[in-house]
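Given chain A, work out where chains B, C and D should sit, using these hints.
4 protein chains.
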Amino acid sequence: MPSPRRVSIGIAGLGRIGQRHARTLLAIPQANLVAAFTPAPHELVWARENLEPLGVTVYDDYDKMLEQEGLECVFVATVTAVHAEQVLKGIAKGKHVFTEKPISTKEDVSQSVVDAAAKKPELKVMCGFMRRFDSSYAELKAKLDDGLIGKPVVYYGQTGDKRDPSGFFVQYAQFSGGIFVDCTIHDIDLALWYLGENNVVKSISAVGTCAIEPALAEHNDVDNAVGIVEFYSGQMASFYVTRMMAAGQEDQTWLVGTEGKMSVNLEPRINHLKIHDKYGVRSLEPQTFFDRFAASFATEFAAYLDTIINDTPVPIPFKGAVHAVKIACALQEAVNTGVKILYDENEVRTN
Amino acid sequence: MPSPRRVSIGIAGLGRIGQRHARTLLAIPQANLVAAFTPAPHELVWARENLEPLGVTVYDDYDKMLEQEGLECVFVATVTAVHAEQVLKGIAKGKHVFTEKPISTKEDVSQSVVDAAAKKPELKVMCGFMRRFDSSYAELKAKLDDGLIGKPVVYYGQTGDKRDPSGFFVQYAQFSGGIFVDCTIHDIDLALWYLGENNVVKSISAVGTCAIEPALAEHNDVDNAVGIVEFYSGQMASFYVTRMMAAGQEDQTWLVGTEGKMSVNLEPRINHLKIHDKYGVRSLEPQTFFDRFAASFATEFAAYLDTIINDTPVPIPFKGAVHAVKIACALQEAVNTGVKILYDENEVRTN
Amino acid sequence: MPSPRRVSIGIAGLGRIGQRHARTLLAIPQANLVAAFTPAPHELVWARENLEPLGVTVYDDYDKMLEQEGLECVFVATVTAVHAEQVLKGIAKGKHVFTEKPISTKEDVSQSVVDAAAKKPELKVMCGFMRRFDSSYAELKAKLDDGLIGKPVVYYGQTGDKRDPSGFFVQYAQFSGGIFVDCTIHDIDLALWYLGENNVVKSISAVGTCAIEPALAEHNDVDNAVGIVEFYSGQMASFYVTRMMAAGQEDQTWLVGTEGKMSVNLEPRINHLKIHDKYGVRSLEPQTFFDRFAASFATEFAAYLDTIINDTPVPIPFKGAVHAVKIACALQEAVNTGVKILYDENEVRTN
Amino acid sequence: MPSPRRVSIGIAGLGRIGQRHARTLLAIPQANLVAAFTPAPHELVWARENLEPLGVTVYDDYDKMLEQEGLECVFVATVTAVHAEQVLKGIAKGKHVFTEKPISTKEDVSQSVVDAAAKKPELKVMCGFMRRFDSSYAELKAKLDDGLIGKPVVYYGQTGDKRDPSGFFVQYAQFSGGIFVDCTIHDIDLALWYLGENNVVKSISAVGTCAIEPALAEHNDVDNAVGIVEFYSGQMASFYVTRMMAAGQEDQTWLVGTEGKMSVNLEPRINHLKIHDKYGVRSLEPQTFFDRFAASFATEFAAYLDTIINDTPVPIPFKGAVHAVKIACALQEAVNTGVKILYDENEVRTN
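Chains as they are written, first to last, in numbering that gives the first Met the number 0: chain A, 0 to 350; chain B, 0 to 350; chain C, 0 to 350; chain D, 0 to 350.
Derived from the structure by calculation, the hints contain no laboratory data. Among these hints, one or two may not hold up.
Note that the list lumps identical chains together, so a pair holds whenever it fits in one copy or between two copies.
To be verified - 25 Å max Cα-Cα, derived BS3-like pairs, lysine-lysine:
1) Lys161 - Lys277
2) Lys105 - Lys140
3) Lys150 - Lys118
4) Lys63 - Lys140
5) Lys119 - Lys142
6) Lys277 - Lys140
Isolated chain A (complex conformation) (with noise of 0.2 Å):
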């Protein structure tokens, strides 16, 4: 039923993603967007044409839009690089924080965000793992926890972005931590959930190859990648990552168990229309992560804010932000140095 109140929000960057989170937050009726900050003058353009007339205070300082008479809660979309600083600073005004992947690039700092949060355990603090809000994923944990497929072994997981002949992601790759921190860290997500979140990686393998920008070689990074990632349970993962899809986005993932398996996306289509006609029979795919979530992120404002309605746990707990940092950070590391990363039991380094 409909929302007994409106949080106060503000909302940090107002990019591309910023924006859109603005937009959607704007359109549920547990949220109430008060404040929206970002550093760029020509977003700064935009919110003033586009969020001042519906009530929303600019800032281009993000300390001053933390000072707002009633703010209550702060989304965190800004870049990679500042997240980590921005969830401290609103822990630390004793706001509710909901912040985009990753906390951090590194995971010393994404654990030092969690210990921070930790200390506050009245406050609601999140990492946003959208995919968990979609309504297949979703659909494929209750099934699992059903115990439709038995015990789960093998998950394989896919993020296929379309190519973008703008070579945009070159110029991003400087701070993205590399794209399995960057794509893959919702596969991993996905992996630590359904396999078990408290899984004990024994061995991580990864080799990658630029196909299609040399120049991302540069900033230690690739363009198509796979990875394995073996636990002490004998479970295991197979990620694979593009930037080189040429349909559209497909994010695809299965789950093998002793019973049965189920599949997320493998045959991906935007909506139910097929056309047939001289190139076959075909489905056309979205072309952005925005196209495949746009629902699942407003499922997932609205299950966070509910939480701070009704002082209930969130729906992601923080700390399995940094384990998934953990594992994509060596996925990328196991592309660049070639070697296989072991574990001992307790997830400890051992090479």
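Just chains B, C and D, lined up with the frame of chain A:
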């Protein structure tokens, strides 16, 4: 971008669909739900519990709701038998009116409502055919207009309700106007939209049967029927309607043109999940029309309210709703009499 | 297991389908192709080059082929106009006869052939409806007989030929009996097989148009048509037939029963390959009925020849082929006259 | 067109696959099955009942079969452990030899067989990888060669056997060489075919587990494994292999290129039937590799025998089979040791 203002709305009818519509209106930025009417005591209870706390005034008298200060618009979601009267009253009071389909189960009554609306062109009056706002049907229309499949020739439309073992639809049949008027009207609206809204009907044939509910015969209704509508343009439409689907709601459409074909939902599924187990490889279907079209209702309401806010034409011309009712009634009659119904080139009946 | 012996066969007709059938017969263990007849000079050239070296005697006179020493069986694959005469001659000479569908484009002629066969029960005479031997249609039948979907109520059958820009089918139309007799007869056969072979027709309606080939009208034919057959059992069949498919051969069927639905080929594709490129995610379709049904012909021939080898009943009762012709002719007439055709409970026509 | 002559063939091995191969050979026009060998008493019984009546001489001594007058060709379908010896003997006797994969579970033994064949270039010697003759995999290759998806970069191959509750595969594991050698070898062959047969391996990593059959560990085997092969070209292949599929045989492949992607069998189904019932909308899967590939075996045998008849090169160069064995053995070793295996640019192992 976000809506510049919210339209003050009263909803009439709080049954199954009315409650859904109320929730949808509470969650879209263009709407300000300020009033609700229902004559049913248990629905009043629901409204007092769920809507009043959110600032919605609850009425057991439709006329009184129309008097509410500041009310701009009425959403009619009552039983079909009172649609026409309530729409007329709303128009008389100078309100914008959105009505659930059909306007009436009679062609002449429907026409009188359209005539009344035509006299107040400043009011936005629309009959809801939410499928036009579904992303799949809408994309089919856009690609058709782009010429992707040449000239459209044959339309197929199927409305397949999941079998409801409660037999609810048997009692409902005495008011519904029959299965073609109740269900196929959506397919008729799509057929006219795709084949051309000015198409003139040449003949109508149909047959039907009571395969699971013999009691429907008492209300001159059936639970399965097929029909053909032939147009003077040489185009044709084929319909199948059933209340006997086992897997879920299965609404399917295809359109064959001189250069290609497009289809919607020939592979029904509620999301991107597939289960691979002892039953095979399977998708789950939406269980109700609401599972399938929840997002379309929201899109439709937003598009309709935007026309009030911006004073632009409604997206579905109101007079078309009469044509759909006329065709639906003739299909129903053709089932009941066994006669093929014929029309002259002005669509005046000749037998 | 392998066949214990090979049946000596003569084939009549070496056109498009006849050559295919000859190749199929050369490749199945039950067949020994010993003779071939065609009246067409260029087909005789083909036969002398391709069949004679393999020990097949080639004839330009059907009667002479029938005299060949040791000949046991004739496969009639000539033009429809001579099917009946050649089957009758084969029966008169005591040969087993397999004939391509339809026996004739006329119901009475078809009946006379069935009557002649009935007088020689020791001969295996069968009209080919290869779809019954396709693994998908056959499995549908098996599961239907197992009760998987309860009592069958509504059949939908579509034969969609890929558009042939050569216009071959226009000339062909003068002999074919019309699109329902030429193409839909397969769907009619399936409808009777699934709904019950003893079903009595109550009414037949149909409409059609010449969307791409106006010249068809000269032969009382159309290139797109839809029709409905109503049975006294309360069951019904809906047909769509077209020569205008853009992507390939698209023969689709579904059957709705009281407890479920089964469909065949709603997602057409020639194999398991999918292409993900700028056109979307796409499958390719079979381009001709032979691409779709090559394996079914081989299965059909083997099953038919096994009945000769083992002296068992033919898998498709011969008299049923007359019923299919009767219904097909009535659908064609309904298109041409615009009249709904009615029958009494003995399936005697009443209008 | 029909084959101009039949090759006289002896088959070695009449187990599960051998009996299938015998039947296939009896049904293709290029083959004349004249001899069969098996050392197993119950298989001899089967052969005397089923093959002898058709003119096939049955042997319990392989060497004696090789002496049969007029024998031109041997099909080796025995257990893997004797493949190499029987192929060598066939070559020594001047017979054309088709052998089931793998030549051997050891790279050096495989190489010795290839070397022996190389000395008799007049003999057609081929190792069977029937997937290359499957219409889907073959069309992928044709479209790849046409440049449809640009340069291939990443291959994914999965062999998923349906879970066999009899545990047959546990006993089989002591001879099979392990799951990568037994099953993944088909995927390795495809990967080399698609990515380039002269590709040089840079590294191999793999992990595996015994999820359903702990007893496999005794034979250094697993029932689920994933592996990565990295090539010096920058290309890579990712494999998944399992004996735990619930729905059926699920062999899936995709290939991502710089301009597009192609996939095979991501939507598994045995035919075109769909069932819509209380379990959802579902397809049934092939239950065994033979259900999936029966037609491919026939196509493969015909293509191979054509090379004998026409003295043309065999379609799969024999030496490639050694490379596939080498990679399969390394994947298996990587699972067992946990070590990432490295190669220099001549593909000589460096660790």
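> Which holds for Lys63 with Lys140 at a C-alpha limit of 25 Å: within a copy, between copies, both or neither?
Replying inline: Result: close neither inside a copy nor across copies, 41 Å intra and 49 Å inter.
> Within a copy, between copies, both or neither: where do Lys105 and Lys140 come within 25 Å Cα-Cα?
Replying inline: neither (28 Å within a copy, 42 Å between copies)
> Can you tell me if Lys119 and Lys142 fall within 25 Å by alpha carbon in one copy, between copies, both or neither?
Replying inline: neither (34 Å within a copy, 54 Å between copies)
> Using 25 Å as the alpha-carbon threshold, which applies to Lys161 and Lys277: within, between, both, or neither?
Replying inline: So Lys161 and Lys277 pass the 25 Å test inside a copy (24 Å) and across (10 Å) alike.
> For Lys277 vs Lys140, is the C-alpha pair at or below 25 Å within one copy, between two copies, both, or neither?
Replying inline: between (39 Å within a copy, 19 Å between copies)
> For Lys150 vs Lys118, is the C-alpha pair at or below 25 Å within one copy, between two copies, both, or neither?
Replying inline: Cα proximity of Lys150 and Lys118: none, with 35 Å in one copy and 52 Å across.
In this structure, the hints that do not hold are numbers 2, 3, 4, 5, in rising order.
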